[in-house]
Amino acid sequence: MADDIPFAAPPPAQTDGARRPRRRWARGVDRPAYLQPGDLDRMMVMFVALMSEVSALRARVDTHEALLDGGTSPSTAAVEAYVPDDARGVARDAQRQAMLSRVLRAITEEREAALDGRKPEIAHVDHAG
Amino acid sequence: MFQEPHAALPSATHDELARQDFCSSLRKMFTTDLFPGANDVYYRQLLPAFEARYGRPPASPQEVKRLTDSSFYFRGSDVVGRAAQELVWDTVGESIERQLDTLNGNARPRPADRGTLRLNPDLEIPRYIDAVDIHVMPGNFHTELSDDDVYAGALYDRGVYVFAFGGLGPRNDGLGVAQAEVIRERFPELKPRRILDVGCGPGFTTLPWKEYFPDAEVHGIDVGAPQVRHAHARAESLGIAAHFSQQDGAHTDFPDGHFDLVASMLVTHECPVPVIRALFKEAHRLLAPGGVMLMDGGMPPIDDPFVQMRTSWFGMNANEPFSGGFKALDYPKAVAEAGFAPERYFTAEREPVYLKGQLPPISFFGAIRD
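Chains as they are written, first to last, in our numbering: chain R, 1 to 129; chain W, 1001 to 1370.
Please note: incorrect hints may appear among the correct ones.
Below, simulated DSBU-like cross-link-like pairs (lysine-lysine); rule was C-alpha separation at most 35 Å, straight line [claimed, not checked]:
| no. | chain 1 | residue 1 | chain 2 | residue 2 |
| --- | --- | --- | --- | --- |
| 1 | W | K1333 | W | K1281 |
| 2 | W | K1191 | W | K1281 |
| 3 | W | K1191 | W | K1333 |
| 4 | W | K1028 | W | K1065 |
| 5 | W | K1028 | R | K119 |
| 6 | W | K1356 | W | K1333 |
| 7 | W | K1356 | R | K119 |
| 8 | W | K1065 | R | K119 |
| 9 | W | K1028 | W | K1281 |
Facing chain W, a subset of chain R residues (Cβ under 10 Å, in silico) [unchecked claim]:
| no. | residue |
| --- | --- |
| 10 | M44 |
| 11 | S101 |
| 12 | A114 |
| 13 | K119 |
No lab work stands behind these hints: they were computed from the structure. The beta-carbon is built from N, C-alpha and C at its ideal position, and this holds for glycine as well.
Please model the entire structure based on the sequences and the hints provided.
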């Protein structure tokens, strides 16, 4: 029974008879090109801020778990009042560092290649002058 | 480790604290992993490739910059470092803005205070301070958002703790303690009656003077009214008597020869060279005979253009446009031109307060007033 499966995928859209799946792109003029080269830097600033939101959300989930582990209902007031003990604080710090290592891997892989004595998988542009 | 609480320190909601913790983790990763890791990429990959191609190493920091710009490691970690810098102030700033009325109220002087607070609403904010938000901290050290405002002081107090992931100690005062230790070791006979901390901010470098020299009258000055308001409230809450006033260290209202010690920490590298010279000159005027001026800085010249470029990271990425001029300054000459006898110039070093083994020693220089 599908009801027994947690997180079951939604049933496929019915396509019998005259129905076709909805089209998800618009006809007409192409999507305009919005971003300019310098916008990538701003995107990175936004991306790092978003990492902060994910990290805060994870901390909030962890607070819920800690409260429930202790038999406390995770009400808004209980979440606000919660202060992690030292062990939980250290664990959260380790989780944040691990998350950063995973998310920023595309940056650090070049250093790992350098430490392994491998050539990086990128072409270096001409840089003298 | 937690920042030591005091009555002027902002509080944080669950999520505000979680975001601040993230900022600290990000700053820690940048500072202890991404930044030093650049050495591996440079010395193992970029430099050998450059030398193989051109038969010589890069000749200048500019040439090094072009070489490192060819690497995503440098481009990616630098933009993350810059984003972290912006995120710290924005994250802490939002939290402080929410509770600013309360913080302003907590900071108001009270009749039973041990120390004093003097403000000067007519003080002209120098253009080099008003035009450049140092550390990309919006509003810099002086901007006021409200009456009796402490915003920028509270922002720097909490922000520095988050930024340094607690590395300057529960009171952010590690550098102030280092300064006081330099004086106590180097001048064991000095019994200062009055001490001045120039550019005191929230008082991280002011209060250690009182702890090391309890009999001295300790003053902190800053052009930013929010800094001295916050510094006063912080000192009172910590039970330390100090006197804070809103003044420009280049021309104060203290009489000639009023102090036995004039010190400044992490201030001069944010000042244009003419201002640094004016600070030295004012210190000379303010010191009594036998008094000591103590400043941080004065690192030996660096030969490797890569190291030169890396040590100007904050100058290039975090709005410290004057740090290059400070680094290039001939300190003994500038101190002598301010009126000190050349043979009274001295230097000193201390182990770094945080990031030991990674940062070079803290360097000091100064002079004794004849």
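Status of the R/A114 interface restraint (C-beta, 10 Å, chain W): 4 Å, holds
Against chain W, is R/S101 within 10 Å by beta-carbon distance? 8 Å, holds
Straight-line Cα separation of W/K1333 and W/K1281 no greater than 35 Å? 12 Å, holds
Does R/K119 pass the interface hint, meaning its C-beta sits closer than 10 Å to a C-beta of chain W? 8 Å, holds
Taking only the CA atoms, is the gap from W/K1356 to R/K119 under or equal to 35 Å? 32 Å, holds
Hint check: W/K1028 vs R/K119, CA-CA at most 35 Å. Holds or violated? Holds, because 28 Å separates the two Cα atoms, which is no more than 35 Å.
W/K1356 and W/K1333: Cα distance at most 35 Å? 31 Å, holds
Straight-line alpha-carbon gap W/K1191 to W/K1281, limit 35 Å: Answer holds: W/K1191 to W/K1281 is near 23 Å, not above 35 Å.
Taking only the CA atoms, is the gap from W/K1191 to W/K1333 under or equal to 35 Å? 28 Å, holds
Hint consistency between W/K1028 and W/K1065 [alpha-carbon to alpha-carbon, up to 35 Å]: 24 Å, holds
What's the verdict on W/K1028 and W/K1281, does the C-alpha distance respect the 35 Å limit or exceed it? 38 Å, violated
Does W/K1065 pair with R/K119 here, judged by a C-alpha cut-off of 35 Å? Distance of about 20 Å is within 35 Å: holds.
Comparing the model with each numbered hint stated earlier shows that hint 9 is the single one that does not hold.
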